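Engineer: Residues per chain, in single letters:
There are 2 protein chains.
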Amino acid sequence: MKNYDGYLIDLDGTMYRGTESIPDAIEFVKRLKQKGVPYLFVTNNSSKTPEQVADYLNHFGIEAEKKDVFTTSLATVEYLYANHPETSIYVIGEEGLTTALREKGFKFDEQNPEAVVIGIDREITYDKLAKACLAVRNGALFISTNGDVALPTEKGLMPGNGAITSVISVSTQTDPIFIGKPYSIIMEQALKALGTPKDKTLMIGDNYDTDIMAGINFEMDTLLVHTGVTTKEILEEKKRQPTYVLDTLAHWMV
Amino acid sequence: MKNYDGYLIDLDGTMYRGTESIPDAIEFVKRLKQKGVPYLFVTNNSSKTPEQVADYLNHFGIEAEKKDVFTTSLATVEYLYANHPETSIYVIGEEGLTTALREKGFKFDEQNPEAVVIGIDREITYDKLAKACLAVRNGALFISTNGDVALPTEKGLMPGNGAITSVISVSTQTDPIFIGKPYSIIMEQALKALGTPKDKTLMIGDNYDTDIMAGINFEMDTLLVHTGVTTKEILEEKKRQPTYVLDTLAHWMV
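Chains as they are written, first to last, in the working numbering: chain F, 362 to 615; chain P, 362 to 615.
The hints are simulated quantities; they were obtained by calculation from the structure and are not laboratory data. Keep in mind that this is a model prediction, so the values were computed, not measured. Check each hint, because a few of them may be wrong.
Only pairs whose alpha carbons sit at most 27 Å apart, straight line, appear in this in silico DSSO-like list of lysine-lysine [stated by the list, open to error]:
#1 F:489 / P:409
#2 F:489 / P:492
#3 P:559 / F:492
#4 F:489 / P:428
#5 P:600 / F:516
#6 P:489 / F:489
#7 P:516 / P:396
#8 F:492 / P:396
#9 F:427 / F:468
#10 F:363 / F:561
#11 F:363 / F:394
#12 F:516 / F:428
#13 F:409 / P:428
#14 P:559 / F:516
#15 F:516 / P:468
#16 P:409 / P:516
#17 F:492 / F:516
#18 F:427 / F:465
#19 F:492 / P:428
#20 F:559 / F:363
#21 P:559 / P:428
#22 P:468 / F:468
#23 P:427 / F:492
#24 P:561 / P:363
#25 P:561 / P:600
#26 F:409 / P:492
Stretches of chain F that chain P covers, calculated by requiring three or more beta carbons in the stretch to come under 8 Å of a beta carbon on chain P [to be verified]:
#27 436 to 443
#28 475 to 485
#29 516 to 526
Each residue gets a CB set at the ideal place from its N, CA and C atoms; glycine is no exception.
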């Protein structure tokens, strides 16, 4: 077992499970904090601001502040700022995404935007989708915060942002740039925010298809913890295995 | 040139172009009427009732009544009635689809439907899409009136029903049964409504990918008329050619 200088840590399924806490994960983060090891929570959730996510974590007894949380909305904004700092944007999304774009100083334009940015929007309308389609057909850059097709809720699996995004990609026959896990942009931006070297940083998560594949795609070491969606049976069938596999984060020495 | 006992005729691009009339097409239909040759207008538009479509045709000087119009909503309802007459339905769609289902006596159920039926709905909401996803995941039959990805309007190409349908198919990883052109179900139902034998009926349309492919898939003779979307250049590249190609319906003898 290698020593790591920093950790990128998934949230749902890793730090908590829906509305249920995972005590071993809470203890693990306490150990990181005590030893002064840098970490960042990395989430595909674009709807909440980092403050709102930190509040939610506090409610499970996990100490967290705004600066400990890296959402795919932040990754989207950092990516845009680095590559297209002056672009005008038509945004479909909730508070986490619109706030992040506004705070970074991006201009919004509904009629002739240079970029379309879409995140989960539970107030989606035909008019919003039509505006996005017209802009993309008109050559606008097309960015989607994440490709998650389903969103776990108490009522069952609801349509995720990847499914809503498909209205635009199918209609315009244009693929978006996806930012969130398993894509590399969020990893690159999160690592930059964390500040530790890639080969000294570990990506921890419960979901093989998003968390672990994000690490593998970005060529980082990965730790799959069996407290969430990916079971041992599912993991066995995967060609590319995580660097480490644990039943619980209680077994991980810091 | 073979003699045909009956005709299936596309509307937009064939009988009119947007808000513009096509005089040669109007004359063609007059000749059919005078000679007593049966015909049926076949449209992928699910939003309007046959009465509304007939009114729209009258406005171009095309004589048409309710009975002359076969919409994909009618095809959907006939298909359901033939195969699942007792099924309860969660419907997403506009007046043409909901009216057709109601008139045939189908029961609606938002919570535990046995079938989900989707047609273009410009009042689409996340809640409607979520209900459809939950039902499809729960095993409901999944039917979509048509797979058109774009809808031509004065403002440009808007998202079509095929694009909206992809939210459900991508999220649930379940393919729908598509009813409209180029799929065969609408052709089968339209031919049944027209009442002429398949090998004595001609499918006429301007769009290779929908109208002509519908005829080819259903193994009917086809006539492509260059008054709409498919140009000669596009047609040249197609492997499977229509039975006949004309610049205008003025040249077709009845």
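Engineer: Evaluate each hint against the coordinates.
Structural biologist: A quick look at each hint next to the structure:
{"no.": "1", "hint": "F:489 / P:409", "result": "holds, 23 Å"}
{"no.": "2", "hint": "F:489 / P:492", "result": "holds, 20 Å"}
{"no.": "3", "hint": "P:559 / F:492", "result": "violated, 42 Å"}
{"no.": "4", "hint": "F:489 / P:428", "result": "violated, 36 Å"}
{"no.": "5", "hint": "P:600 / F:516", "result": "violated, 48 Å"}
{"no.": "6", "hint": "P:489 / F:489", "result": "holds, 16 Å"}
{"no.": "7", "hint": "P:516 / P:396", "result": "violated, 40 Å"}
{"no.": "8", "hint": "F:492 / P:396", "result": "violated, 47 Å"}
{"no.": "9", "hint": "F:427 / F:468", "result": "holds, 24 Å"}
{"no.": "10", "hint": "F:363 / F:561", "result": "holds, 9 Å"}
{"no.": "11", "hint": "F:363 / F:394", "result": "holds, 19 Å"}
{"no.": "12", "hint": "F:516 / F:428", "result": "violated, 32 Å"}
{"no.": "13", "hint": "F:409 / P:428", "result": "violated, 53 Å"}
{"no.": "14", "hint": "P:559 / F:516", "result": "violated, 48 Å"}
{"no.": "15", "hint": "F:516 / P:468", "result": "holds, 24 Å"}
{"no.": "16", "hint": "P:409 / P:516", "result": "holds, 20 Å"}
{"no.": "17", "hint": "F:492 / F:516", "result": "violated, 30 Å"}
{"no.": "18", "hint": "F:427 / F:465", "result": "holds, 16 Å"}
{"no.": "19", "hint": "F:492 / P:428", "result": "violated, 37 Å"}
{"no.": "20", "hint": "F:559 / F:363", "result": "holds, 13 Å"}
{"no.": "21", "hint": "P:559 / P:428", "result": "holds, 20 Å"}
{"no.": "22", "hint": "P:468 / F:468", "result": "violated, 48 Å"}
{"no.": "23", "hint": "P:427 / F:492", "result": "violated, 34 Å"}
{"no.": "24", "hint": "P:561 / P:363", "result": "holds, 9 Å"}
{"no.": "25", "hint": "P:561 / P:600", "result": "holds, 24 Å"}
{"no.": "26", "hint": "F:409 / P:492", "result": "holds, 23 Å"}
{"no.": "27", "hint": "436 to 443", "result": "violated (count 0)"}
{"no.": "28", "hint": "475 to 485", "result": "holds (count 4)"}
{"no.": "29", "hint": "516 to 526", "result": "holds (count 9)"}
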